[in-house]
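Visitor: I would like the entire structure built from these sequences, with the hints used as guidance.
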Amino acid sequence: MSLKLQFNPELEYQQDAINAVVDLFKGQTPKEANFTVAPVSAQMTLGESGIGIGNKLELTNGELLENLKEVQERNGLPQSEALEDNPYLEFEVDMETGTGKTYVFIRTMMELNKKYGFKKFVIVVPSLAIKEGIHHSLKTTKSHMNALYSNEVYDYFVYDSDHLDQINSFATADHISIMIINIQAFNRSFGNTETLNKANIIHRANDRGPEGRAPIELIQETNPIVIIDEPQSTANTKKSREAIASLNPMCCIKYSATHIKPKNVVYRLNAVDAHDLQLVKQIEVISFEEEDNYEDAYIRLIKTGNPKSGIYADVEIDKKFNSGIRRTTIRIKDGSDLYELSGNRDVYSGFQVAEIDADKNIVKFTARPNILSLDNHIGGIDENIYKRLQIESTIRAHLDKELVLNKRGIKVLSLFFLDRVDNYRIYNDDGTYNKGKYAILFEELFQKIIMEDDYKKLRENIDDIDQYTQEVHHGYFSQDKAGRKDVKFVETSTGNSASDDYAYELIMKDKERLLSFDTNLKFIFSHSALREGWDNPNVFQICTLNETYSDIKKRQEIGRGLRLAVNQDGERQHGFDINTLTVIANESYDVFCNTLQKEYEDDAGIRFGYIEEHSFANIIIVKDNQEERLGIEASKAIVQSFKEREYIAKDGKVLEKLKKALDHNLLEVPIEYADHKEKIIARTKKTIEGVKIKKAKEKEDVTLNKERFLSPEFKELWDKIKYKTVYQVDFSSKELIEKCLVEIEKTLTKTQRRISQLNALVGIKQGGIVAKETGSGREYSLNKVELEKLPDVVTNLQNATDLTRRTIIDILIRSNTLDAFELNPQIYMQEMADIINSVKENFIVDGIKYSKARNKSYYAQELFEDEEISGYLNDNLLTSEKGVYDYVVYDSTVEREFAEKLETNKDVLVYVKLPSWFKIPTPLGSYNPDWAILINDAGKEKFYFVTETKSTLRRAGYRTAEEKKIDCGIEHFKAVGEDVKYIVATTFDDVLNKVNS
-19 MSLKLQFNPE LEYQQDAINA VVDLFKGQTP KEANFTVAPV SAQMTLGESG IGIGNKLELT
41 NGELLENLKE VQERNGLPQS EALEDNPYLE FEVDMETGTG KTYVFIRTMM ELNKKYGFKK
101 FVIVVPSLAI KEGIHHSLKT TKSHMNALYS NEVYDYFVYD SDHLDQINSF ATADHISIMI
161 INIQAFNRSF GNTETLNKAN IIHRANDRGP EGRAPIELIQ ETNPIVIIDE PQSTANTKKS
221 REAIASLNPM CCIKYSATHI KPKNVVYRLN AVDAHDLQLV KQIEVISFEE EDNYEDAYIR
281 LIKTGNPKSG IYADVEIDKK FNSGIRRTTI RIKDGSDLYE LSGNRDVYSG FQVAEIDADK
341 NIVKFTARPN ILSLDNHIGG IDENIYKRLQ IESTIRAHLD KELVLNKRGI KVLSLFFLDR
401 VDNYRIYNDD GTYNKGKYAI LFEELFQKII MEDDYKKLRE NIDDIDQYTQ EVHHGYFSQD
461 KAGRKDVKFV ETSTGNSASD DYAYELIMKD KERLLSFDTN LKFIFSHSAL REGWDNPNVF
521 QICTLNETYS DIKKRQEIGR GLRLAVNQDG ERQHGFDINT LTVIANESYD VFCNTLQKEY
581 EDDAGIRFGY IEEHSFANII IVKDNQEERL GIEASKAIVQ SFKEREYIAK DGKVLEKLKK
641 ALDHNLLEVP IEYADHKEKI IARTKKTIEG VKIKKAKEKE DVTLNKERFL SPEFKELWDK
701 IKYKTVYQVD FSSKELIEKC LVEIEKTLTK TQRRISQLNA LVGIKQGGIV AKETGSGREY
761 SLNKVELEKL PDVVTNLQNA TDLTRRTIID ILIRSNTLDA FELNPQIYMQ EMADIINSVK
821 ENFIVDGIKY SKARNKSYYA QELFEDEEIS GYLNDNLLTS EKGVYDYVVY DSTVEREFAE
881 KLETNKDVLV YVKLPSWFKI PTPLGSYNPD WAILINDAGK EKFYFVTETK STLRRAGYRT
941 AEEKKIDCGI EHFKAVGEDV KYIVATTFDD VLNKVNS
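Under my numbering, the first residue of the sequence shown is numbered -19, with each subsequent residue one higher.
Careful: at least some of the hints might be erroneous.
[What the hints assert, rightly or not] Label pairs and their calculated CB-CB ranges:
1) N216 with I445: 46 to 56 Å
2) A662 with G304: 43 to 53 Å
3) I445 with K94: 48 to 58 Å
4) R587 with G42: 57 to 67 Å
5) A662 with K344: 44 to 54 Å
6) K428 with S123: 26 to 36 Å
7) D969 with K283: 43 to 53 Å
Because the hints were derived from the structure by calculation, they are not lab data.
Just so you know, these numbers come straight off a predicted model, no measurement behind them.
Idealized CB from N, CA, C, for every residue including glycine.
Guide: If you want it as structure tokens, here you go:
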């Protein structure tokens, strides 16, 4: 069955885009410019002179500017202040990938002819791929346009320097004539008469064109309207812009989703709009993470920065804490040593930062060859395992969608992006080829998965599963030069050579065949050839199998599958229930979203979380029973009022105050627009939807109050508590080992290393791009760790427990648990250390004895003067009149309430929140009590308290380590002196009860 794409002429957003261009020429009357066309040479078929037909613009720049501003206000866009025609008039249409911009500019050309009589159009493209794609679109929309425009005559052709007679036909045609040309065909040496032999043929006078004239001169006479597709690639250099000017355009209209420097934008449908209106597929990301694997160094680059303070990078590593190894983010600079920053973990030895390149977003190391980039982490899941999981998940996602969509007549396609062609197909010197590792792996996995019971329905019409497996996948590269019939697609090393032209023609012409159930090809492997100029509406999965940093952007990747799907009747299907593009990513979904947002900001100019001067201009209001727009001046006034009320920053960035005003229905608008407040609020809410607002915090440095610090009362308190102590323990190793073996038998888990699949939907909102995890998919178990990769378990546990090697070895051998070590070394070592330390703590603390340190060493009072403390006024600072600092920095509600009581109780003479350097040594690590307090009980007796504040006095509410440290604190202060009372309190009343007792 031949599939024919159907087009809907009534889509409102496409009509808006078409009208935005057509209305620029409001006031123009149908006119044309005639000129004489000289005869071509006698041997050419066209040998007669003729009258050339060209476009003629009669509007002045002033009139055009007035129309432009009207269109911009209607579409809620920034207003152009002037209209320059040097080197040519230009306007821009911004449409998100997949929303039909090619259809839009074809319809626009037809409308411009219908309304104003313009007949000559040149479409300039950046590549062969896009050229063939547009040519194919003109062909497939021909019958549709004939029906819409009453069979209005129009022709189109792809410029070919071997057929210059087409230029004559273009110039003399008295109907719509469209020429498609790639920029490379006319941007070489056209302005230098001394190098004409190197110029493109279109710039040379020769016997194949009009006598004595270069073909470009005829084009210039037609004064064409030039359509520039993908201007960020087509007109991105001075040379290319000069080449476009050489066409003598009446005006240029640029169409893209990625305008580098927006100018005279007449219509904008960006990524946020397209997703809000469900004009493209929603995006789902599948990523993988390994649970608790710390055998190798893991480093992931999150971002780089280059502020005045110096270049830095934020990286994620597996850092060692007292509680175990945890994945965390740290900031590094040139010279940073990840060994030290990771808590002296041996796996990071040699990872000292040699260079951070903030422009390229890469980090290099001194003694390691690894290059860290945004798309290429170090360590983590083994690369081959990860790729296998990606391919398996792509196949499963594909088949799951087939179960749902096949019965709706929708053929499902999947696209794999490769970094190297030979990972899929390896070519030999004699022209034969072998399957690459991904082709072999794909076939192995596909055959296994398709035979599962879940997919029995899909096997009903498959006679030969081996042959079917061969047919469902293919490489989508360049046409094989050798012309072998058994090879459909091959590719050069770059995917960009001019010889690719024929292959691209084949790809573009076969788009409808790919959509048909008549062909079995469903899984397409590609290199860079498909990054631009190709897409297919029924691509539902995109898998990125990049092994190294790739310059193919996320927007380019997902753009191949954003278009809404079509069924076997060629009808577009709507709704996210059908249209979900699943990206099987080579990174976590949060990194995917962050990267995608940055690309939209950098490439498409989307400012997430900002309110612009024109944001309210196209709000429709009713005035004198007539609908009209609020207007740009009103919009500017509203935005200015938002700045004055500190709803937004000077640059328009949304602030927390705006969100609070909206949440509590307290938004204020200028009184003259009060009647339209509801619409202004609705527009504001949409603009900030999804915005991540960091709460503004008023940071305050906490300074020492010298008067209270030097007072006799504080000196008296400090002299009582300042002494350091040492502790001594005594226990039986034999008894400890036996206890450990009992606990190991009861609590040690045998955990196999596992990889979890995470699924997340990507939300693209005005406020930013965020991922919402929708649940976990399959879990995958990994094999035992190879022997040579196993860490030194004895040394690790010795360091973690402070026991002798002999004791550790005895425990390991007698516990008979080394098989669990091979399954998951890091979890095993962490659990064993926790069990041994827990048993050891009970032994040690129960018999611990403290005594003052030798030479009666102590914490000097002067240390306070070196302390730098800060806090946040709104969050954790309390003004102090009795403490040694002007503010108390509290960590909890319990601490805040305790400090408030200290401030108001008349018997408290002085107190201090003990600084972090005031530490008591314990077998469980250093312990830092909360408070030291001097109380004068109604002037009768002084009490010296060191207090630990807790939310409960019930020991069952403490963590084991906390309870043991409190026990150590009691013994420490007994050794310091009888005058000091150490207590645990939830409120200050607990302290007063101790005084009264």
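Visitor: Now tell me, hint by hint, if it's right for this structure.
Guide: Do the hints match the structure? See the list:
Remark: the range hint 46 to 56 Å for N216 to I445 is upheld by a beta-carbon distance near 49 Å. At roughly 49 Å, the beta-carbon separation of A662 and G304 lies within the given 43 to 53 Å, and the hint holds. For I445 paired with K94, a C-beta distance near 55 Å keeps the hint of 48 to 58 Å intact. One distance hint, 57 to 67 Å for the beta-carbon pair R587 and G42, is violated here, with the actual separation near 31 Å.
One distance hint, 44 to 54 Å for the beta-carbon pair A662 and K344, holds here, with the actual separation near 50 Å. At roughly 45 Å, the beta carbons of K428 and S123 sit outside the given window of 26 to 36 Å. Checking the proposed 43 to 53 Å range against D969 and K283 shows it holds: the Cβ atoms sit about 49 Å from each other.
Violated hints, in rising order: 4, 6; the structure is consistent with all others.
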